[in-house]
Amino acid sequence: MDRRAFLGASLAIGFAPPALAQDEGVVRMRDLYNKNLSFSDYAKSMEGSRVSVQGYMAPPLKADSSFFVLTKRPMAVCPFCETEAEWPDDILAVYTKRTLKTVPFNIRIVTSGQLALGAYTDPELGFVSRVRLVDAIYERG
Amino acid sequence: MKTTVTAALLATLSASAAFAQDLPQAGSDWFTDAQKVIQEKIAAQPNTKKAKNVILFVADGNGVGTNYAVRLFDGQSKGMLGSENVLPYETYPYTALIKTYNINAQTPDSAPTAGSMNTGVKQIFNTINLSEAGVNKDCASEEGNKLTTFSEIVTGMGKSVGIVSTARITHATPAAVYAKTADRNWEGEAPEGCTDIAQQLFDAMSAGTVDLAFGGGSRYFAPKDVETMDGGKGRRIDGRNLIEEAQAAGAQYAYDTASFNALKLDGSTPVLGLFEDSHMKYEYDRTDNDEPSLTDLTKAAIEQLSQNGDGFYLEVEAGRVDHANHAGNAYRTLTDGQEFARAVALADELTDDEDTLIIVTADHEHAIAFNGYCGRGSNILGLCMGIKAGQVENSGEPLLGADGKPYTVIGYLNGAGSVMTEQADGDYFGTRPNIDEDAATDPEYLQQALIPMSSETHSGEDVVSFAKGPWAHLLTGTLEQNVIFHVMHQAVTAE
Numbered sequence: 027m028d029r030r031a032f033l034g035a036s037l038a039i040g041f042a043p044p045a046l047a048q049d050e051g052v053v054r055m056r057d058l059y060n061k062n063l064s065f066s067d068y069a070k071s072m073e074g075s076r077v078s079v080q081g082y083m084a085p086p087l088k089a090d091s092s093f094f095v096l097t098k099r100p101m102a103v104c105p106f107c108e109t110e111a112e113w114p115d116d117i118l119a120v121y122t123k124r125t126l127k128t129v130p131f132n133i134r135i136v137t138s139g140q141l142a143l144g145a146y147t148d149p150e151l152g153f154v155s156r157v158r159l160v161d162a163i164y165e166r167g
Numbered sequence: 004m005k006t007t008v009t010a011a012l013l014a015t016l017s018a019s020a021a022f023a024q025d026l027p028q029a030g031s032d033w034f035t036d037a038q039k040v041i042q043e044k045i046a047a048q049p050n051t052k053k054a055k056n057v058i059l060f061v062a063d064g065n066g067v068g069t070n071y072a073v074r075l076f077d078g079q080s081k082g083m084l085g086s087e088n089v090l091p092y093e094t095y096p097y098t099a100l101i102k103t104y105n106i107n108a109q110t111p112d113s114a115p116t117a118g119s120m121n122t123g124v125k126q127i128f129n130t131i132n133l134s135e136a137g138v139n140k141d142c143a144s145e146e147g148n149k150l151t152t153f154s155e156i157v158t159g160m161g162k163s164v165g166i167v168s169t170a171r172i173t174h175a176t177p178a179a180v181y182a183k184t185a186d187r188n189w190e191g192e193a194p195e196g197c198t199d200i201a202q203q204l205f206d207a208m209s210a211g212t213v214d215l216a217f218g219g220g221s222r223y224f225a226p227k228d229v230e231t232m233d234g235g236k237g238r239r240i241d242g243r244n245l246i247e248e249a250q251a252a253g254a255q256y257a258y259d260t261a262s263f264n265a266l267k268l269d270g271s272t273p274v275l276g277l278f279e280d281s282h283m284k285y286e287y288d289r290t291d292n293d294e295p296s297l298t299d300l301t302k303a304a305i306e307q308l309s310q311n312g313d314g315f316y317l318e319v320e321a322g323r324v325d326h327a328n329h330a331g332n333a334y335r336t337l338t339d340g341q342e343f344a345r346a347v348a349l350a351d352e353l354t355d356d357e358d359t360l361i362i363v364t365a366d367h368e369h370a371i372a373f374n375g376y377c378g379r380g381s382n383i384l385g386l387c388m389g390i391k392a393g394q395v396e397n398s399g400e401p402l403l404g405a406d407g408k409p410y411t412v413i414g415y416l417n418g419a420g421s422v423m424t425e426q427a428d429g430d431y432f433g434t435r436p437n438i439d440e441d442a443a444t445d446p447e448y449l450q451q452a453l454i455p456m457s458s459e460t461h462s463g464e465d466v467v468s469f470a471k472g473p474w475a476h477l478l479t480g481t482l483e484q485n486v487i488f489h490v491m492h493q494a495v496t497a498e
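In the order they appear, the protein sequences are chains W and G.
In this text, residue positions in the first sequence follow my numbering: the first is 27, and each later residue adds one.
In this text, residue positions in the second sequence follow my numbering: the first is 4, and each later residue adds one.
Keep in mind that the hints were calculated from the coordinates and are not lab data.
Don't take each hint at face value.
Cβ-Cβ distance ranges computed for the label pairs, FRET-style [unchecked claim]:
#: 1; chain 1: G; residue 1: Met83; chain 2: W; residue 2: Ser71; range: 50 to 60 Å
#: 2; chain 1: W; residue 1: Arg134; chain 2: G; residue 2: Gly429; range: 19 to 29 Å
#: 3; chain 1: W; residue 1: Lys70; chain 2: G; residue 2: Gly161; range: 52 to 62 Å
#: 4; chain 1: G; residue 1: Lys267; chain 2: W; residue 2: Ser71; range: 16 to 26 Å
#: 5; chain 1: G; residue 1: Gly429; chain 2: W; residue 2: Phe153; range: 20 to 30 Å
#: 6; chain 1: W; residue 1: Lys70; chain 2: G; residue 2: Lys81; range: 30 to 40 Å
#: 7; chain 1: G; residue 1: Lys227; chain 2: W; residue 2: Phe153; range: 38 to 48 Å
#: 8; chain 1: W; residue 1: Lys70; chain 2: G; residue 2: Ala143; range: 51 to 61 Å
#: 9; chain 1: W; residue 1: Glu165; chain 2: G; residue 2: Gly253; range: 54 to 64 Å
#: 10; chain 1: G; residue 1: Ser86; chain 2: W; residue 2: Arg134; range: 27 to 37 Å
Ideal placement from N, C-alpha and C gives every residue a C-beta, glycine not left out.
Chain W on its own, in the form it takes in the complex (with noise of 0.2 Å):
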C-alpha cells in the first residue's frame, strides 16, 4: 500500500494516526506535509491537538534556549551542496516547555507537542515557520 493510499484509508477512520509510525501514536514528518509542502489531511485534522512526531534536532540556533528545529533526516551540513547553512523546506519548528538540552543532530527523538498551523515568524530569533509544535517534551526514540 502507497502513503497515498494509505492516507486515504486513515481518511475513512478518522485521521487515525498513519500506520507508517513504528510506535503507537507516533508520526513522522511525511505525514505532516504533502509532497507538493501543502499540509497532509492528517495535519489539519490534528490542528490544535498534541502528537508525536519523529525526526532528529537539528543543531539548536541560541544556548539556553526552548526553541529547535525538527528534521525529517539528519541535518547533514554538507559544503559542496550548500555554500551556508541552510534548512530543509520541510520541517518542524518546537518550541519546548522547558529549556532545551542538547541532543547530537543524528540521534532520533520523539517530540510531542501541540501542533500549530500558518506561518508564523519567532519575534525573538526571526525564525519563520509554517508549522510548530508548542509546550513540547521529546524523548530519544
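Given the coordinates of chain W, assemble chain G onto it according to the supplied hints.
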C-alpha cells in the same frame, strides 16, 4: 605437464567449429549469452565520422560503487533480483575507467572535475576552468589563467550549447560549461574584479555561447529578498535581476511545470528555466505538477538544440545523486540515479548514433561501500540476506555481525549515519542500532556509517565512462578525466 596438456586441449577446442557442442556448459544461457556478446563485439566497427552533436551526461557522485547500487535498485524496482539488470548506458560499446583526482587533491570535488571534462586539463580543487596557476579564492589569480571551454569552441563551429542540471545552474558541474572562477562558491557574488557565476551564465547567454539552461538556483539571478516565480527569494546584493534582463534580451523563461510546458522550443530564442531558488527537488520528493523531471528537461533541451542544423553540445547533470550520498541517504541517491538512467535512455532514442557522441560518466565517487555475502535479490536498500543452498534467491534471513545485529547491503565509511554519536561528555561512542527490513528500506533511512561527520565525503575512487557514437572507441582503458574533452574535441573536428 598438466598445464601444457590443458593448454593444448583448449587450443584444439577453440580451433574447432564444434567448440560449443563439445562442452557440458554449452547449453547454459550464461554460455550462449556470452557467445552472443563475443559475436557482437567482433562485428562492431568504430565510427570515425564527424560528430554533429555531443551529449555529456554526468551523474554527480555516481562512481563505480554508486552506479552498481543504481543498477540493482533499478532492476529490483522492475521485479528482477537486481544484479542481472543492465542500465541503458551499460549497453554502450565502449567503457573506460576514469581517474578523477584534481591537481592538488587526491579526493576531488565537482568543480575541477567538470572543468577537466570541459577544457581538457586537470584543475585546482574548488576552482573552475582556470589553469594550474589559478589559486582558490584568489580573485587576482583569475587574470591570465582563464581557459577556453568546449562550449566556446563548438559555438565557434556554429553549434548550439545547452546545460541541464537538477542542482543550481550555478553549481559546479553546470558552471563548468560556461564559467571561469577562482571559487565555485561565488555563485551570486564575487570579490571586486571578479564576476559571479550567475552573471557569467547571463553573459554567456547574451554572447550566444550558451543557448539553453535548465536547473535550479534562481536565488542568484534575482535581487536580495525579491520573490522569484518559483516561490523563492533572490540573493543578489548588486540589485540586478538577471532573469528580467534575460527576458528583456529575448530569452524565454520557465519556472514551473506549466511555464516549462508552454516554452516554444523552435530554436529561435535562448531558453532559461530556473525551477527552484536552490537545487531542484530530489526525484522522490518531486511532483510532476510542480517541476519537470530530469528526463523532461533533457527531452526539451534536445528538441530546442536540435533545431540547429550545425548540431549542439549538451551537458546533462543529475546533480543530486551526490547530495543524497552526502546525506548518507541511499534511497534518494538511487531514485535520482534511476531518473538519470531514464534521461540517458530518452536522449539516446531522440538522437542518431551515426552523428551523436553520447558519453555517460560521473565526476567522482563517494565513501559508499557494500557488505557481503548477500544472497541474490537482497534489497539494495535493505538488509544483507543469506545465501541458501539449492536456490538462487536469498534465504530471507538477515546475516548478522559479530554483535548479533543485521546489517544493510550499503554502508558509508563516514557521514551523518555514523554509529558513533556524541555523548553527554562530548566524547564519541558507538554501538550499532538494531534495524529491520522496514526501517532500512524507508526513504528517510541513513545507512550506517563509521566516522562521524556532518556530511559524508567524496572518495578518490574511479568512475566509469560509457560511450557510443562517433569516436566513442577512443574512450577505453584507464584514462585521466581530462581525456574526455579530447575525445569530444576529436569527434567534432574529425575530417
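Violated constraints from the hint list, given by number and in increasing order: 1, 4, 7
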